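**Q** What follows is the residue order along each chain.
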Amino acid sequence: MTVAEAEVSHDGIHDPHADLGDAGNYLKATKGWKTWAFTLDHKRIGMMYLASVIVAFLVGGIMALLVRTELAHAGETIMEADMYNQVFTLHGAIMVFLFIIPSIPAALGNFFLPIMLGTKDVAFPRLNLGSFYIYVFGTAFTVIAIVAGHVDTGWTFYTPYSARADNSVIWMTMGVFILGFSSILTGVNFIATVHKMRAPGIHWRRLPLFIWGIYATAVIQVLATPVLAITLLLLTMEKTLSMGIFDPALGGDPVLFQHFFWFYSHPAVYIMILPGMAVVNELIATFSQRKIFGYMFVAMSSVALALLGFLVWGHHMFTSGMSEYSTMVFSALTFLVAIPSGVKVFNWVATLYEGSISFASPMKYALGFLVLFTIGGLTGVFLGILSIDIHLHDTYFVVAHFHYVMVGGTVFGFVGGLHYWWPKMTGKMYSERVANIAFWLVFVGFNVTFFSQFILGSRGMPRRYYDYLDQFQPLHMASSGGAYIIGIGFTIMGVMFVRSWFNGEKAPPNPWASAGYEWMTTSPPHPHNFAIDPVMKRGPYDYHLCTEEELWDGFPEDFVPSDR
Amino acid sequence: MNPEGTLQLPPQMSTIAPDVDWMYYFVYWVSVAFFVAIVGAMLYFMWRYRRRPGQKAKPTGHSTALEIAWTFLPVILLVYLFHEGFSGYVKGIIPPDDAIDIRVRAMQWNWEFEHRNGVIDEMNMMRVPVNTPVRLIMSSSDVLHSFFVPSLRVKRDVVPGMYSTLWFEATTLTKPMCQSDADCNETRVGGGFESCIENRCVSNCDSDLDCARTSGVALGVDWGAAYAMNSYSCSSHQEGERGECVLPVFCTEYCGAPVGIDRSAERNSNHATMMADLHVVTMEEYEKFIEEGPPPPPECAGEADCAAWGEALYNSSGCIACHAVDGVRQQPAPNWKGLLGSNRAFVEGEDREADLNYITQSIREPQSQIVEGYNNVNMPPYRLSDRQIQAIVAYMRSLDEE
Ligand SMILES: [Cu+2]
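These protein sequence lines map, in sequence, to chains E and L.
Counting along the first sequence from 1, when you hit position 96 you're at 96 in the working numbering, and nothing is skipped either side.
Counting along the second sequence from 1, when you hit position 151 you're at 715 in the working numbering, and nothing is skipped either side.
What the hints contain is simulated information worked out from the structure, not anything from laboratory work.
Hints should not be assumed to be uniformly reliable.
Examples of chain L residues toward chain E, derived with CB under 7 angstroms [to be verified]: (1) 588; (2) 603; (3) 609; (4) 610; (5) 621; (6) 622; (7) 623; (8) 631; (9) 634; (10) 645; (11) 721; (12) 725; (13) 814; (14) 821.
This one's a predicted model, so the numbers in the text were calculated from it and none came from an experiment.
Glycine included, every Cβ here is placed at the ideal spot set by N, Cα and C.
Whole structure, please, built from the sequences with the hints as guidance.
**A** Following this line, the structure appears as structure tokens:
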């Protein structure tokens with residue numbers, strides 16, 4: 001078959017007549033642990049990341065349940081104050097650094113970025129494997145700190161508390177420092193891939209919105225993570241060499257640390273949320289069979305968020321003693337962030353208009369995302385307003401706000417994406433019925449857990465409290481109850497995926513009737529993604545250019561594209 | 565002014581609170597409107613365009629006008645919100661010229677307040693005059709802390725190595741309204757949380773249970789009191805005492821917990837219990853306090869010569885860290901049992917009888933006369949008032965009487 005013949009549009013990317021058997025399945029093409037440990041295949045690396053982040057999520061989730069159990073009652077419930085402080089620190093640090101940041105970009109992104117670009121692999125496959133091992137190494141450091149030590153600083157490691165605390169803080173920050181390198185290298189790799197490796201026919205206006213989001217994320221990772229690395233290095237130097245950088249007892253400035261930390265960690269908020277938004281684009285397009293409304297506006301709003309994200313770090317520090325002038329500037333800039341976020345939400349809702357909307361489980365997560373992210377975003381406006389922020393800062397209102405954005409946003413995006421792409425990644429279907437039950441448990445549990453925290457916070461309940469006054473008891477009780485519902489939901493989901501992995505029904509190439517490029521290959525994909533190098537003749541959302549069969553029959557394996 | 569608070573916000577007890585709350589509710593209703601519009605449209609489209617056989621999605625159109633509109637129209641609203649928020653903030657930042665100053669020192673896990681003329685209040689006890697602007701000049705001797713009183717709507721980090729300031733004007737007294745058991749029972753039995761709120765006395769009125777609990781000991785849930793969700797806590801930590809209604813001062817910047825020792829249940833033992841009791845008193849009462857120093861607790865019925873107060877001070881001022889009171893242990897500091905009236909020999913070679921004057925000097929200038937055998941630990945000077953020292957002496961006397 002010549003390239004000209006293989007120049008297929010939407011139909012029949014793979015040679016339909018050749019049954020490649022195991023050789024055409026990246027999971028089975030080669031066997032033995034070495035073929036995984038030393039693989040350069042971005043799909044296998046993506047799967048290894050997926051396994052690691054899921055383990056991290058599990059551990060972080062158990063920590064969350066411990067925290068909520070302790071807080072179900074005022075006073076000591078299951079642990080003492082010092083232990084509690086360690087547990088909530090681990091919850092935060094694990095969820096942020098080991099789960100959310102790598103979840104979508106490193107796991108789903110690694111798997112799908114090259115496929116959605118119609119290419120064989122990322123630009124630097126060895127670097128890709130390297131960044132996975134750096135991630136593993138960084139995780140090991142962090143785990144050592146957890147097992148051997150006593151880290152109770154909160155995930156923000158604020159000085160001078162962290163500078164005086166136990167030495168295991170050094171291990172933990174070194175771990176995070178190493179993890180940062182993994183992020184940077186993955187980011188560089190993705191940027192190069194998007195620029196250089198797109199299949200013929202995928203010009204920038206045909207780039208799937210998932211790629212746009214991951215691309216914007218990669219840019220932030222490359223630019224912001226070094227600042228975190230430097231900060232944590234300075235912290236380590238202060239601790240080991242007793243140099244006065246952040247600790248006033250040594251002549252340092254504790255507020256400087258906060259500036260450095262948030263200079264990274266605010267952009268990092270976008271490292272966390274942009275990928276979630278990126279997945280939701282794909283879900284909404286596929287399940288309403290329609291191109292995202294205002295494609296270019298949505299794509300550019302990701303880039304705008306990535307850039308604006310660098311200018312607003314000071315809004316975490318309105319009460320910390322910055323000058324009034326900088327407070328004003330940061331508040332003003334913070335409002336600007338609301339614009340691109342709003343544009344995205346409006347465009348997503350507009351996409352539903354005149355669509356053909358299916359409520360399959362991945363779409364439920366996308367719609368759930370819309371609701372929760374809207375709440376998360378609007379409560380962010382409260383926090384941007386200076387006079388209100390003074391009251392709400394460091395209370396449960398903030399805790400609720402960022403959980404609505406990080407969990408309601410990113411985690412819903414991740415889980416929605418996992419459901420959506422599971423058939424492609426594993427070649428297996430899962431039980432839609434069970435998936436729906438899990439969704440409702442998670443969605444309802446989430447709102448019970450975190451909506452009550454808004455009220456706790458605005459009533460004045462400070463965060464990171466081991467104990468609280470009686471007046472806060474009922475809402476804390478409700479919040480803990482909700483956390484258990486979420487826990488049950490995720491457990492059911494986990495069991496569902498495990499069962500699917502072992503005895504799931506075989507997945508067709510395109511179970512969701514999507515026009516997306518990644519559905520043009522077999523499930524699971526060929527080791528080289530496509531049996532034949534594809535040439536794209538239409539955009540990833542051009543449903544009106546797809547044939548009925550390819551959408552409704554979902555590229556059945558025996559489907560022979562009509563000769564043109 | 566809304567001294568009861570609302571479901572979302574605690575009582576308004578300062579001059580800036582009504583403005584802050586107005587803004588809060590304004591944003592709240594704007595958000596509700598946006599939420600209803602967005603989610604309403606979403607739900608309607610979900611229903612209207614649900615997938616049905618034979619019906620295909622229409623190709624996505626394109627409307628630059630719409631895009632521009634929803635990009636730029638919200639900007640107007642946001643500019644307004646920013647402006648209002650900033651002017652409110654500025655109002656809360658610049659103290660009036662006639663504000664009285666209070667020095668606040670934060671340390672793991674206590675608050676100390678120093679008033680005019682160097683009058684230091686009891687640990688974790690804050691008194692401010694009503695309807696008077698108060699400026700706090702705050703410093704920390706260890707890690708970051710943050711001063712937060714929900715009902716005043718003020719918060720400011722307390723940063724080691726620098727001074728931070730904050731001001732407010734409290735508008736409502738925190739006097740206990742229930743003076744007799746009957747009052748308290750009424751607010752309790754009456755059950756309606758309105759009556760409790762009116763009496764400004766909910767979680768602390770009549771039972772030792774309540775008092776013990778606000779000091780951090782969990783004894784189960786009291787749904788009635790909790791439902792009222794008032795912002796007052798109980799100032800009395802003694803079982804069986806009637807508490808006074810106070811506003812809690814929270815620390816909102818994470819500051820840790822002691823490692824290895826389980827004091828979690830005690831007040832002021834970790835970040836979560838680093839609280840102070842804020843009393844809003846009349847100007848006369850405040851002046852009297854400046855004049856005479858901290859008054860004796862209610863159980864002393866106005867008498868300074870009160871062992872119970874002395875014992876409380878022994879614990880709260882930190883004497884307990886060095887001095888024993890059992891008459892047995894001797895290091896690192898002299899035992900208080902048997903001290904009063906005994907003859908003290910000093911390193912310099914003189915000696916003197918331990919009377920009130922001597923005790924006073926030993927507390928305020930401990931280095932002036934060092935007791936023989938105790939020159940390896942330096943006792944820091946304590947600026948206790950005459951009445952407090954009287955109470956400590958009363959406590960020492962009570963030790964000898966046992
Ligand atoms: Cu503190």
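**Q** So, for every hint listed, does it hold in this structure?
**A** Against the structure, the hints:
1. 588: Since chain E brings a Cβ to about 5 angstroms from residue 588 of chain L, closer than 7 angstroms, the hint holds.
2. 603: holds (6 angstroms)
3. 609: Nearest chain E Cβ about 4 angstroms off; hint holds.
4. 610: holds (6 angstroms)
5. 621: At about 4 angstroms, which falls below the 7 angstroms cut-off, the nearest Cβ of chain E leaves the hint on residue 621 of chain L intact, so it holds.
6. 622: holds (4 angstroms)
7. 623: For residue 623 of chain L, the interface hint holds, since the closest Cβ of chain E sits about 4 angstroms away, which is under 7 angstroms.
8. 631: holds (5 angstroms)
9. 634: OK, holds: residue 634 of chain L within 7 angstroms of chain E, min 5 angstroms.
10. 645: holds (6 angstroms)
11. 721: holds (5 angstroms)
12. 725: holds (3 angstroms)
13. 814: holds (5 angstroms)
14. 821: holds (4 angstroms)
The earlier numbered hints are all upheld by this structure, with none contradicted.
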